[in-house]
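*Asks:* Given next are the chains, with one letter for each unit.
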Amino acid sequence: MDQILNVLIIGLLLGGIYGLVSIGLNLIFGVVRIVNFAQGELVMLGMYGSYFAYTQFNISPYLSFLVVAPLVGLIGIVIQRFVIQPLRAESNMQIFATFGLLMMFQNIMLMVTKGEAYSIGGESSRWSLSVGELSLSVVRLIVFVAVTLITVGLHIFLNKTLTGKSIRAVTQDKLGARAMGINVERTYLLTFGIGATLAGFAGAMLTPIYSITPGVGGNFILAAFAVVVLGGLGSVWGAYLGGLIVGVVEALAGYYIDPVLRSAVWFMIFLVVLMVRPSGLLGMVGAEEVGFREQN
Amino acid sequence: MKKIMNDPKITSSTSHSTATGLRMGCKAVLHTALLTGLLAFSGLTSAQQTLKIGAINPYSGPMALYGTEVTRGYELAVEEINKKGGLLGKKVELIRGDASTPQQGIATVEQLANNDKVDLFLGTYISAISLTASDTAARYNKLYWETNAVAQNLIDRGLPNFIRSGPDSAAFSTTSVATIKYLVAPALKKEMKDLKVWIEHEDSIYGSSIANSQKISLEALGAKVVMMGAHSSKSIDMNDSVLRAKQANPDVLLQTGYVPDGSLLLRTIRDQGVKPPAIVFVGTGDTKETLDALGADFIEGLLVVGYPKYDISEAYGPGSKAYLKAYRAKYNAEPLAPQSMAAYSGTMILFDSIKTAGSTEVDKVRAVVEKMDVPESTYPSGYGAKFTKVQNVRSNFTTAQWQAGKMVTVFLKEAISPGAALKNLPRKQ
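Which chain is which? The protein sequence lines are X and Y, in order.
Counting with our numbering, you get residues 62 to 357 for the letters of the first sequence.
Counting with our numbering, you get residues 8 to 436 for the letters of the second sequence.
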C-alpha cells in the first residue's frame, strides 16, 4: 500500500514538472494558435540563465527566476513581434519559423558551452522529506506547488482582469474581439510574452533537478505537446490536469509494467483521447479547429 | 611570372621583325614552361615531404567538446614526432575533418581523400561516426587508425583498413566486473556469491550490450543480478527504476550511460533514500558536472570505470606526467577528460607501426601490427601493443574513485600511484 502511495506521489510530482513546462506552451497554442517548437528551448534558456546567476552571483534559482523569467519573456515578445507576426498570413511558415528558432537557440548554446553539461545544486537540491516509508524530493515538491499557484493565478488573471478577458476574447473569436476594440496584435504579443515567461520560470525551477545541456528542452517538449493536447487546447487547467495524468500514468506504468514502456503507455492514452475528444479533456469543443479556420 | 612579364626582351618594341618576335615568343614559352615545371616539381617535393593525416572527429554540434579534446591528443603526438624529425623523413601534418554525424563522416572522409590527399585517417570519439568514416576510407584503400571509439562491431565487421589501438566496449564490462570482484566484494566483506548487483543502463546498443555482457560475467562469478533496469539517456524521471531497485536492496549499483542520465540516477537514489554500499559507473561520472550536480559529500566513494586518468603511476603509464605538462603548456588549461591521453598513446603506437612498416600502406602497416609485441606500460595510458584481429589487447580501462572531490585511480593495481588507496567503501551516504 505504501508503495502504491509512493508511486502515486512520484507521479504527481513528475506531473507537476510536465504541467509547468506545458502551461506556457498551452497558452501560446490556445491564443496565438502557434505550435511553438522552440518552447523547450525557452525552458533551456531559463535553465542557463539560472545557472549563470548561480555560478556568477551565487543567486539561487528560487530567487533568480525574478529576473530570468521576465528576460525569457522579453525574448518571447521579440519572437512574436519580429518572427511570428510578419508571417501571420502564412500559418505553416510560422511553425517552420519556430522550428528555426529551436535550431538557432540550440546551436547558439552549443557554441557558447561547446556541448559541456552543467549542473548546480549539489547541496541545495539534496533536501528530501521522509514520512514513514515515503520519500519526497523537496525540489520537485517546490515545482508542484509552483505550478499549482501559477495555474490558480493564471485562472484568476484570465477570468477576473480586463487584460485576461481580452486574451480569452481573442482565443474565442479573433474577429469579434477586434470588432470590440481589442488590439489583437498586442494581445498576441502579451500572450507570447507570458508563455515565454512561464517557460523561463520553468527553466529556473528545473535547474536544481536536471543536468543542463543545449538539447535539454527537447527532453520535455514531446511530453509537453501530449500534455497540451490531452488536457485541452488553450485551457490553463487542462495543462495542469494533463500534466498530472501523464505523470501518474508514467509512474504507474514504469513501476508496475516496465520502465521502458512508460512513455508508450501514456502515448496510447493520448491517442485514444485524440480520437474520442480531439479538443482535449478540458478544452472547448471545436477549439482545435477554430483558430486555424480563422487564419485561412 | 612577374619576372617574365618584366623581361625587356619580351616587352620589347613591336617594331622588331616578325622572326625576332617569334624567337622571343619561343624563348618566353620555354621560360614559362621551365618555370612552371620547376614550380610543379617544388610543389611535388613539398607534397612528398609532408605526411598528411585526416583527423576525423565531431568538431561541431553537441559532441564537439570531446571531439576537440581527443584531437588535442593527436596534435601533441604530431608535435612530438615532428620535433624528432617527422615520420618516414616527412613532416607530419594533421588535417581536421569535422564529422558530427555518421553521414558527415562519409562526406568528410571523401573530401579529405579527394581534395586534401591525406595518406591515412585517425579517429574517432563516436563509434557510429567511426563506422561510416572507416568504411568510406576503405574504399580509398586508406588506413583508418581508431584510438577512442569502443563499439565491438567496429572490429567484428572485418574491415581490412581498420585497426584499433584503444580498448573496446567489452573492456568496459570486464574492467567493471573485475572492479566488483577484486575491489568491491572484499571491501564489503562479501563473497561474490553473496553479492546482489543492480545493473542499470541507458537503452541504446551502447548501454545494452555492455549491461548484457556484465550480467553474463557477474552471474558466471556467482553474483546475483537482482535487477536489470533500462532507461533512455534523455529520461527526465527515473523514480520507477529506483523504486524497483529499492525493493531488491542491492549491494552494488552498476550503471552504464551518459552524463545527464547518470546524474539524474544519482539524484533519484539520493531522493529515494536508496543507499547501495557501492556504486560503479561505467564511462561517465568522472567530470566536474557530476561533482557540481551531487556535491563532493554524496559522490564520495563512487567508482568510475574509464580511460586511465592523469594520476596513474608513472610506472604504469610512463610519460603520463610529461603528457600532462605538455598539454598544460600548449593549451593553457587542464585536460577536460582522460580521453586525450588515450588518443595520444594510440597515435604514438600508430607512428611506431608506420616507422617499422616504412610505409602508410594498409597491407604493410597491418602486417607490422599483427607482429607487434610491446609490453603493457610502454605508452602514457599504460598501453602496450599486441593485436588480435586488429584490436589492441594490451590497452585497458582503469577504475578511479571520487575522494574529497577528486578522482583517484584505485584499479588496476599497478596503475595506483604511491600513497593512493581505496577509501570509503562501503559508502557512508
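The hints are simulated quantities; they were obtained by calculation from the structure and are not laboratory data.
Just so you know, not all the hints are guaranteed correct.
[Claimed, not checked] Listed next, the in silico DSSO-like pairs over lysine-lysine satisfying Cα-Cα at most 30 angstroms (straight line): (1) Y:59 <-> X:175; (2) Y:203 <-> Y:59; (3) Y:332 <-> X:175; (4) X:175 <-> Y:328; (5) Y:282 <-> Y:241; (6) Y:413 <-> Y:435; (7) Y:393 <-> X:175; (8) Y:295 <-> Y:188; (9) X:175 <-> Y:413; (10) X:175 <-> Y:282; (11) X:175 <-> Y:337.
Please read these numbers as outputs of a predicted model, since none were measured by experiment.
*Asks:* Each hint needs a verdict: does it hold in this structure or not?
*Replies:* Against the structure, the hints:
no. : hint            : result
1   : Y:59 <-> X:175  : 27 angstroms, holds
2   : Y:203 <-> Y:59  : 52 angstroms, violated
3   : Y:332 <-> X:175 : 24 angstroms, holds
4   : X:175 <-> Y:328 : 27 angstroms, holds
5   : Y:282 <-> Y:241 : 24 angstroms, holds
6   : Y:413 <-> Y:435 : 17 angstroms, holds
7   : Y:393 <-> X:175 : 36 angstroms, violated
8   : Y:295 <-> Y:188 : 28 angstroms, holds
9   : X:175 <-> Y:413 : 23 angstroms, holds
10  : X:175 <-> Y:282 : 34 angstroms, violated
11  : X:175 <-> Y:337 : 19 angstroms, holds
Comparing the model with each numbered hint stated earlier shows that hints 2, 7 and 10 do not hold.
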